[in-house]
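Line by line, the protein sequences give chains A and B. Here the first sequence is numbered in the working numbering, starting from 1 and rising by one per residue. Here the second sequence is numbered in the working numbering, starting from 1001 and rising by one per residue.
If you are wondering where the hints come from, they were derived from the structure by calculation, not from laboratory data. Beta carbons are placed, not taken as given, at the ideal position from N, Cα and C, and that holds for glycine. Don't take each hint at face value.
So the derived label-pair ranges between C-beta atoms look like this [claimed, not checked]:
(1) A:R70 / B:A1446: 52 to 58 Å
(2) A:T28 / B:R1038: 31 to 37 Å
(3) A:V51 / B:R1014: 49 to 55 Å
(4) B:E1242 / A:A42: 36 to 42 Å
(5) B:A1473 / A:V51: 37 to 43 Å
(6) B:A1446 / A:L91: 53 to 59 Å
(7) A:V51 / B:R1247: 32 to 38 Å
(8) A:E24 / B:A1035: 39 to 45 Å
(9) A:T28 / B:S1365: 16 to 22 Å
(10) B:R1060 / A:P71: 27 to 33 Å
(11) B:G1478 / A:T28: 42 to 48 Å
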Amino acid sequence: MSEQLSSEAVAHIARLARLEITAEESATYAGQLSAILEHVEAVRRLDTAGVPPTSHALELRNVLRADEPRPCLERDEVLSGAPRAEDGRFLVPRILGEEP
Amino acid sequence: MTPPVGGATEIAARVRAGELSAASVLDEALAAIEARDRELHCFNSLMGERARERATEIDRMVGAGQDPGSLAGVPVALKDNICTRAAPTTCSSRILEGWTPPYDATVVRRLAAAGALLVGKTNLDEFAMGSSTENSATGPTRNPWDTSRVPGGSSGGSAAAVAAGMVPVALGSDTGGSIRQPAALCGVVGVKPTYGVVSRYGLVAFASSLDQIGPFALTVADAAAVLEAIAGHDEMDSTSLERAAPRCSEVLDDGADGLRVGVVSDFLADASPDCASAVRSAAEVLAAAGAKVDDVALPELLHGLSAYYLIAPAEASSNLARYDGVRYGLRVDAPDVETMNARTRAAGFGAEVKRRVMLGTYVLSAGYYDAYYAQAQRVRTIVARAFARAYGHFDVLLAPTTPSVAFAFGAKTDDPLEMYLADLFTIPTNLAGHPAMSVPFALGEAGLPVGVQVLAPALGEREMFRAAAVVEAGAPPGVRGPVGTRSAR
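Given these sequences and hints, build the entire structure.
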């Protein structure tokens, strides 16, 4: 039997994924995600003893370059795409619990 | 109606020879878009001004006896997940509304350097997640062969724009079939190159171990010309292979004599009769041209779909973490940063993106990682080994691109799994990092186009194009775009 996700489990996953969802949405996603997990159950049961995992199809090697300064993206142009910026930095609401 | 735009290599040859002005080619493309895009919605935005400046420059160069490049004056559309400096790049998502990238993708710079005219950004399933272009915040693209049907996806706008004769060439991205599947459904050529052959610098990341950029074109020769212009090593992409672009144009007249072709028999059983019989007919064309054709059983490939729907969402959940209301596009204000993140993402992402982000988050979470993600990676090895076994005996493989012809709007939107099955035959290639391409070969149910898929081992692009050229030459007339807009049939 495959994993059946409850609405509560989906609400927890949504919190981990930083997605605000309603109770109604949790129920819908619980059904859909459970159906997907049921479909992949066959793969979960495949005998893969001794088979190494592949994280990348073709062999990767570390890529290094000389540590020399060179031009990068224009700061102001990058910041102009942000919802809010101030003094050359991204501006966000408070991160810690205390009042500003 | 007669499509106004010819093929890419033909346009470039005439522009370079001074017989045709780049400005007039651009005018025709923009007029075709103006005439038909209200109905088809292939484009999210146009870059007419930038293209016009470029066209003027190209015509000046030709006049001065200079060569503007291999794609001189060729109008090209870009999938809207490829970054263009100072021009909107939305990924068809509300979360990137209003954002303009501070740089051009490497493929954009290379196309421009080859003399191409970048005319606009095409519609896609949000963040390239989907197989119908219905998951777009800007609305669906319609299939020019039958406007009551989907163009496929996720690069549906690019495929439909080429099929409708608006542009002779477009770029897409293929993570699980997002170039080949819409190419098949729209009756155009679509190529997914070997992983690492085309730089992904400036391609908005979906599943980084699978994503690859490739061309759509009207003909195999045009696709080869575009691939040659965009491929080759790029130090800005650490996964870029250190080799020159594969020279595919030179092998197009080589024929199939002696080529060993394997027909993936397991896929034929899962395809509709029209798609399966197209593969059989294409195999006969190759055999008649001197290829040695045999069936090959590769049942392991059918496990690819399930492995993909664990691996791709896992990578997506990580890649899409960056859309948090801080650096790009949309922000929904809230008193603290975590609530701001969660509300921004809730408002900015559509249902399919949320589904995949949550699925990916779940399969990567503590206690489930081994059962799902690590297991899927082992299955990825099994798929790669099955291909390796086949390529011990064959130079290329032949398979259907899709299980059926283009389906109706709404036919698969209620059941995510049903939609995922549209990629059953294209996904294994991405898991293995191999090249594959779809070539229009027949008309199937309701007179809609059917594509045949040619697959090759890593860096087997030349053999793949060789076989594709033979298949294309053996296809009956009328099976490919450009096509005038038709309503439901």
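Exercise. What hints, given by number in increasing order, does this structure fail?
Worked result: Checked against the structure, no hint fails, so every one of them is satisfied.
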